[in-house]
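K.L.:
Residues per chain, in single letters:
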Amino acid sequence: MTEPTATAAAVTAATGLESEESARRWRRWTLIWMLVVFALFLVLALLGLVMRLVQGGVWSSLPPEVFYAVLTLHGLGMVGVWYVGAMAGVSYRLARFVSPSLAVNRLAFGGTLLGVVLLVAVTLIGRFGTGWYFLHPLPFYSGGVWPDWAVSGFFASLGVLGVSWTIWTVDLLRAIARRYSLGGALAWHVLRGKEGAETPAFILVATATLISGLAAFIAAVVVLALFLVEWLPTGAANDPLLMKNLIFFFGHGLVNITMYLGVALVYDLLPEYTSRTLKTNKLVAAAWNLAIFLVLAVYFHHLYMDFVQPRFLQYVGQIGSYLISIPAAVISIFSTLYLVYRARVRWNLTSMFLFFGVMGWAIGGVEAVIDSTIAANFRFHNTLWVPSHFHTYYLLGVVMMILAFAWHLGEESSGKPGSPALSRAIAALFMVGGYGLVLLFAFAGANSVPRRYSAYPAELLQGVTYARVSIAFIALLLAGVLLYLWEAGRRCVRGLSA
Amino acid sequence: MAGAAGPGTRSRRAHSRRALGVSLLAASLLAAAPAIVAPGPGARGPGAARGADAGEPGLPREDAHVYAPVFDAALVDSAGTPRRLSELWRERPLIVTLIFARCTLICPPFLRSLERAVESVGGAGDDYDVVVVSFDPRDGPEVMAELAARHGLDGEPGWIFAAAAPGEASALAESIGYWVRWDADSGAADHPAMLAAVDAGRVVRLLVGATVPPPRLREVVWELRHELVPSYPLPSDRVLFRCFRYRPESGGVGLDWGFLLLLAPGAGMFLGTLAIFGRGRPRAGS
Numbered sequence: 048m049t050e051p052t053a054t055a056a057a058v059t060a061a062t063g064l065e066s067e068e069s070a071r072r073w074r075r076w077t078l079i080w081m082l083v084v085f086a087l088f089l090v091l092a093l094l095g096l097v098m099r100l101v102q103g104g105v106w107s108s109l110p111p112e113v114f115y116a117v118l119t120l121h122g123l124g125m126v127g128v129w130y131v132g133a134m135a136g137v138s139y140r141l142a143r144f145v146s147p148s149l150a151v152n153r154l155a156f157g158g159t160l161l162g163v164v165l166l167v168a169v170t171l172i173g174r175f176g177t178g179w180y181f182l183h184p185l186p187f188y189s190g191g192v193w194p195d196w197a198v199s200g201f202f203a204s205l206g207v208l209g210v211s212w213t214i215w216t217v218d219l220l221r222a223i224a225r226r227y228s229l230g231g232a233l234a235w236h237v238l239r240g241k242e243g244a245e246t247p248a249f250i251l252v253a254t255a256t257l258i259s260g261l262a263a264f265i266a267a268v269v270v271l272a273l274f275l276v277e278w279l280p281t282g283a284a285n286d287p288l289l290m291k292n293l294i295f296f297f298g299h300g301l302v303n304i305t306m307y308l309g310v311a312l313v314y315d316l317l318p319e320y321t322s323r324t325l326k327t328n329k330l331v332a333a334a335w336n337l338a339i340f341l342v343l344a345v346y347f348h349h350l351y352m353d354f355v356q357p358r359f360l361q362y363v364g365q366i367g368s369y370l371i372s373i374p375a376a377v378i379s380i381f382s383t384l385y386l387v388y389r390a391r392v393r394w395n396l397t398s399m400f401l402f403f404g405v406m407g408w409a410i411g412g413v414e415a416v417i418d419s420t421i422a423a424n425f426r427f428h429n430t431l432w433v434p435s436h437f438h439t440y441y442l443l444g445v446v447m448m449i450l451a452f453a454w455h456l457g458e459e460s461s462g463k464p465g466s467p468a469l470s471r472a473i474a475a476l477f478m479v480g481g482y483g484l485v486l487l488f489a490f491a492g493a494n495s496v497p498r499r500y501s502a503y504p505a506e507l508l509q510g511v512t513y514a515r516v517s518i519a520f521i522a523l524l525l526a527g528v529l530l531y532l533w534e535a536g537r538r539c540v541r542g543l544s545a
Numbered sequence: 021m022a023g024a025a026g027p028g029t030r031s032r033r034a035h036s037r038r039a040l041g042v043s044l045l046a047a048s049l050l051a052a053a054p055a056i057v058a059p060g061p062g063a064r065g066p067g068a069a070r071g072a073d074a075g076e077p078g079l080p081r082e083d084a085h086v087y088a089p090v091f092d093a094a095l096v097d098s099a100g101t102p103r104r105l106s107e108l109w110r111e112r113p114l115i116v117t118l119i120f121a122r123c124t125l126i127c128p129p130f131l132r133s134l135e136r137a138v139e140s141v142g143g144a145g146d147d148y149d150v151v152v153v154s155f156d157p158r159d160g161p162e163v164m165a166e167l168a169a170r171h172g173l174d175g176e177p178g179w180i181f182a183a184a185a186p187g188e189a190s191a192l193a194e195s196i197g198y199w200v201r202w203d204a205d206s207g208a209a210d211h212p213a214m215l216a217a218v219d220a221g222r223v224v225r226l227l228v229g230a231t232v233p234p235p236r237l238r239e240v241v242w243e244l245r246h247e248l249v250p251s252y253p254l255p256s257d258r259v260l261f262r263c264f265r266y267r268p269e270s271g272g273v274g275l276d277w278g279f280l281l282l283l284a285p286g287a288g289m290f291l292g293t294l295a296i297f298g299r300g301r302p303r304a305g306s
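From first to last, the protein sequence lines stand for chains A and B. Residue numbers for the first sequence follow my numbering, beginning at 48 and rising by one. Residue numbers for the second sequence follow my numbering, beginning at 21 and rising by one.
Check each hint, because a few of them may be wrong.
[Claimed, not checked] Here are the computed distance ranges between Cβ atoms for each label pair:
no. : chain 1 : residue 1 : chain 2 : residue 2 : range
1   : A       : 388       : B       : 277       : 49 to 55 Å
2   : A       : 110       : B       : 258       : 32 to 38 Å
3   : B       : 106       : A       : 533       : 45 to 51 Å
4   : A       : 494       : B       : 202       : 55 to 61 Å
5   : A       : 389       : B       : 291       : 42 to 48 Å
6   : A       : 472       : B       : 266       : 41 to 47 Å
7   : A       : 185       : B       : 101       : 36 to 42 Å
8   : A       : 522       : B       : 270       : 57 to 63 Å
9   : B       : 106       : A       : 469       : 53 to 59 Å
Everything labelled a hint here was simulated from the structure, so no lab data went into it. Don't be surprised by glycine CBs; every beta carbon is placed ideally from N, CA and C.
Could you put the whole structure together from the sequences, leaning on the hints where they help?
P.N.:
What follows is the structure in structure tokens.
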């Protein structure tokens, strides 16, 4: 058993952080990443508020096509922002063990900014409103709502983001491969019960996650190529079922690996705040090795409503979804509980957000297991229950994990610890506002309120009530977000000049 | 119809706008944006969706203009009352069709078929109105009244025969994907037979064909009543890859070549991992 900090110290001499200058550059770039993530998070969160105001009838004059453009930007933006947030955090922490390329990190930053600018343009100016899942053939059938340039721009945005992020993923794996063999990084020697060099749990989780990321990005390349062939004057068309499978292979995969990158940060950071260390034992190694395979089969649960999908794949989706909750989620939840149970925990906003993030992941995971049950999914699939599920494990799960990292980084780089009282206030606002938001989604879903409606017809007026009540919780959450961003942001800015 | 902005004009404008937009994007993203392309005429994208718009007119595609806004044409009904199309769709959903009164080919049998289908499905005047608009500038309100009488539809609830002000019919036609090509020698018009279901000013469905089968019109009326009409697009012959192939003789499903594309990400992941870790030279670790 090796303490992560001790491990890091032991290997520092052989890694990219061997010089103070190198460490400073990495910290500076990660701070810039976090500041960009903060800015985008605030804007995208406000767009979420806009949608609930529209659904609640408070801002009923917003045209539906604008609502769907906002829905697209909010969904795709949040998925992308937290993916890059997690990648930036993992890259920074990984640089203590191995030598990722800072140039590739910058390339990913540039690609992300360009992709975001394009995405904002095609949605807010072009009114591209397919939803974040851009299901085939919807992008080609705008019904006069979005122009052709918006379709080109959307695919260009995905292309730029996909290329940048794939290069980033490959570079991190390359850096790990320079130091660890594949078996070493995935702790196969631990699985075999043999002696060998210690594999930090952080390295194991990061490696397994980045490998899964390759599959998601290859699916994205395939689906973009197929869209492109159809968009070009080739006369060729695509099978909507194949396209939906590929889109969710990519989409679910991206969300999945973002979650796991967040968990990698928990494995790495939380022990620094407790008196315990986390060992890569046989159970942890088996769990994360298995997760690489299971991630490939889980996305089928997005296609339960597609009656043309063969039944055996629906079963694969249900069984895969059940199984994946055991290795990754359950092991990580027990690991977290082990780290804090009766331990001398140094509670600050980082450790609170890490712990609450795992809690949100666990609660969202329970919702996920319910959703992935075919019989339940048939009732819930098109209701607000599903947004409740993904907001729980995203907003109250991985987002809190990444914000925990950012707070840690801000304190570390500025040398200014946060006020305990303010930290508690921020955590309370996040918990009350966040859980109020997702519970209102869940209640509405259980009460048959459909999702993706910009306005509710007379038969579904309960949706208006749920939306109005949720606005109060969103206000609390936004107060917490603003306080957090102000406190963390000024520490990050101070850290930039440190 | 000379001088009116026809589908060809719209197509050229659309292609020019698309080409300009795409060129600007391509210029700014030269190296990093492989997804940017300029779809040309006949593309599978929106250009192709308006199949009839590109070059030689063909049958309009039924899936092309769904949710497209319908032009708010100024009409004069057969009683001589000026009305805008929007006044009509604010009252109830519409089934709009374009004809010309002197047509001796497709219009008369199409109108009879529509009449029979409406009678079979029911609901005209309650759930929707049928609006028959002439695209011939020579057809005034009296001509349309005569046409309605000829079909026994004058005064029939839910049926509105109307003439359009000059230029209005062509804009209406364009907005729903309809086209007209006049033959100077014969004075006749070449045009498709189709109807557009319009709800709140937008196209809900298009039906193309010389006859209107009642089951198809029934689906349209369900749609106009806001009832769920389950549907799933079937892959056409132009589909590149299918995941699965339905076997009608057995009712079973077999794998098709496209399924390999679903395996590609997993295979690529393993090969990529082996390549990355095969090239790396570990300096430590097990």
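K.L.:
Decide, hint by hint, whether the structure agrees.
P.N.:
Tested hints:
1. 388(A) to 277(B): 49 to 55 Å: holds, 53 Å
2. 110(A) to 258(B): 32 to 38 Å: Check passed, 34 Å falls within 32 to 38 Å.
3. 106(B) to 533(A): 45 to 51 Å: Holds, since residue 106(B) and residue 533(A) (Cβ atoms, about 50 Å apart) stay within the stated range.
4. 494(A) to 202(B): 55 to 61 Å: holds, 57 Å
5. 389(A) to 291(B): 42 to 48 Å: Taking Cβ atoms as reference, residue 389(A) and residue 291(B) lie about 46 Å apart, which means the hint holds.
6. 472(A) to 266(B): 41 to 47 Å: Violated, since residue 472(A) and residue 266(B) (Cβ atoms, about 59 Å apart) do not stay within the stated range.
7. 185(A) to 101(B): 36 to 42 Å: holds, 40 Å
8. 522(A) to 270(B): 57 to 63 Å: Given range 57 to 63 Å: holds, Cβ gap about 58 Å.
9. 106(B) to 469(A): 53 to 59 Å: Given about 56 Å between the Cβ atoms, the range holds.
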